[in-house]
Amino acid sequence: MLEFQNVTKTYGDVVAVDNVSLKIEDGEFFSLLGSSGCGKTTLLRIAAGFEAPDAGRVLLNGQDITDLPPNQRSVNTVFQNYALFPHLTVWENIAFGLKVKKHKSSFIKREVEKVMELIQMEDHAQKYPTQLSGGQKQRVAIARALVNQPAVLLLDEPLSALDLKLRQKMLMEIDLIHDEFGIIFLFVTHDQSEAMAVSDRIAVMHAAKLEQLGTPIELYEAPKSSFVAAFIGDTNFIDGKVIEKISGDYSSLQLELVDQQVQCFNDKKLKIGELVHLSIRPEKIHIAREKPVSSTKINLLHGEVEDYVYKGDHTKYWVRVNEFRFAVLQPNSRFLLDGKPIEWGEEVYIWWHADDGYMLERYSEVDTMLTELPSEEIGEADNPTEEEESE
Amino acid sequence: MSKPGPRSLEWGLTLPPLFWLTLFFVVPTAIVLLYAFKPTELYGGIGEGWTLETIRALFTRSTLILIYRTLYLSLTATLICLILAVPMGFYIARQRPKVQQLLLMLVVLPFWSSFIVRIYAWKSLLHPEGMLKQLLVYLHLVSEETVFLYHPWAVILVMVYVYIPFAILPIFAAAQKFDEQVFEAAMDLGMTRLKAFFKVFLPSIKNGLFGAVLLVLIPTLGAYVIPDMIGGPDTEMLGNKIVQKTFVDRNIPAAAALSGVLFLGVFLPLVFQSLVQKRQGQTHTVKGGH
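Those protein sequences? They're chains F and E, same order as listed. Counting in this note's numbering, the first sequence runs from 1 upward without gaps. Counting in this note's numbering, the second sequence runs from 1 upward without gaps.
Don't take each hint at face value.
What the hints assert, rightly or not - Calculated lysine-lysine pairs in the DSS-like style (CA-CA distance at most 27 Å, straight line): (1) Lys206/E <-> Lys102/F; (2) Lys195/E <-> Lys99/F; (3) Lys101/F <-> Lys195/E.
Treat the hints as calculated values from the structure; they're not laboratory data.
This is chain F alone, in the form it adopts within the complex:
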């Protein structure tokens, strides 16, 4: 078990990690997710021993390792730029850690060959790092760390230097390797789709703080803050105001731009008069030409299709209701040759269940930019460690 207890780290005036506490269970694939400068890399470097926290402790299997240098921790790192030894062959790179620990050469040979087989690099043993492709370097970097049989493997944006196709393939390989070894993988990434795909749990970090911790499903379906709702997946954000309490845990909302009243589950017990963001995921909204049979707990709106994009497996619509444009995702589960799909300018009904909306706090201005981030950002990868930049 890897545990961070109230870890704080500052660089001059900049707070990189602000009082973060985390418990990572044995065998977990755990992701630290956040945008540049949120402190995720600093937290990883504290776990590796490259940075010392200003306050707080790091525990590994109950032992306090806060003050141990990197070479005395049962923790190994896969670096963002692989950091392979340029003067050593693939074989020598992988054997490095075992040689430093003065293992018998027969043992080293056996262990190195075992991981070489695992990463399918047997044919490249005598090559130098400059002769390898990005994906191969990545595999060697992982093997070089794993051969030491650490208790925790730290992965610092390991896929950011690869192109999209290779990234997805490597991600699956890393997942398989995790299953094989069964140790803690602490995976740092800015890419929510990567984190969602492989993690048992994800810690979303924002502005040096831990924003929300949970399984991918919890983060997506029950975000605790507007930041998390916007960062993980797409969502519709509508400004609203709580105006009435209705039966049970439900409240009625007046939506500003939409200029209509809707119901929403109010688990946070927000009071009448409070200003909120209503977050509804596009795929939770249904769309049809005909008015559906109305029932309680269904919010039904009438609008006009402004635009749509056909994506094969689904179609995305933008539906205007008064001053607000809803994004609506319609799965294309059945296709009828004589069916007429909804098109531009058509009058449609859209509806969602009151349980599918989330009332979240109003955005601050800084956060607003994040709603406009593309969900699959590429290119940020080339940035050096963000903390250094801000110094």
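Assemble chain E onto chain F, guided by the hints.
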């Protein structure tokens, strides 16, 4: 009309410099070396025919001592340059760009003044009445009788001073390309920082070290002005002997033979380096990208 192929283009580009180098480098060097096999006349002229006498004279005790001393002084200076330049290059490479520029400028700053002027400056510094000596005497670190000038270590000191920028620059260039994360990787895999410096950093900047050795060793092997002005009778190097044979003894063949020795002394490390690089090139083929 056919376009000139890449092959002929290559020749077209190579021939002019090749011609130039042959005419003004290979041919003169060959002429100098040939003179080593000519007999000498009593009054300084060159005799007829060929002889191996001058070559044989190279293996006399006094010449061998001279060669040994030259190697000893230049290799010592090179080693000291390396020992000082490695931490300096490493340190400069890890500074912020602004500081880096400033430090690099300080490294090359001495080149702004004449080589001869700097040697004279050292001469007066090391002089028995000079500032350095007086200061050390005042601090009771050396006695009044100590003489710095004319001593072999004075020659080494000035050679190190003059040539250390040539060691710092290639080491800095190599150290700058060294990825800091590689250091962290070594520590991550169980090394201490110090051990990583020797086992990972130094091998990684191997080419920079080679460059530094060549750039310092070659000029110090042929040093003439420094031992002449700073040194005394027991710091005479090959360069000084060549000058003496040429201008004082008027024995051109002997000077040519000594030049040949010096030529080999400079040439062999170069051949060695290119062989090493070739060997690396075979196993180390750099593909596109990096």
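We went through each hint and held it up to the structure:
1. Taken as a hint, the Lys206/E and Lys102/F pair is honoured in the structure, with Cα atoms around 25 Å apart against an allowance of 27 Å.
2. Proximity of Lys195/E to Lys99/F is assessed by CA-CA distance (about 13 Å); at most 27 Å being required, the pair is judged to hold.
3. Proximity of Lys101/F to Lys195/E is assessed by CA-CA distance (about 13 Å); at most 27 Å being required, the pair is judged to hold.
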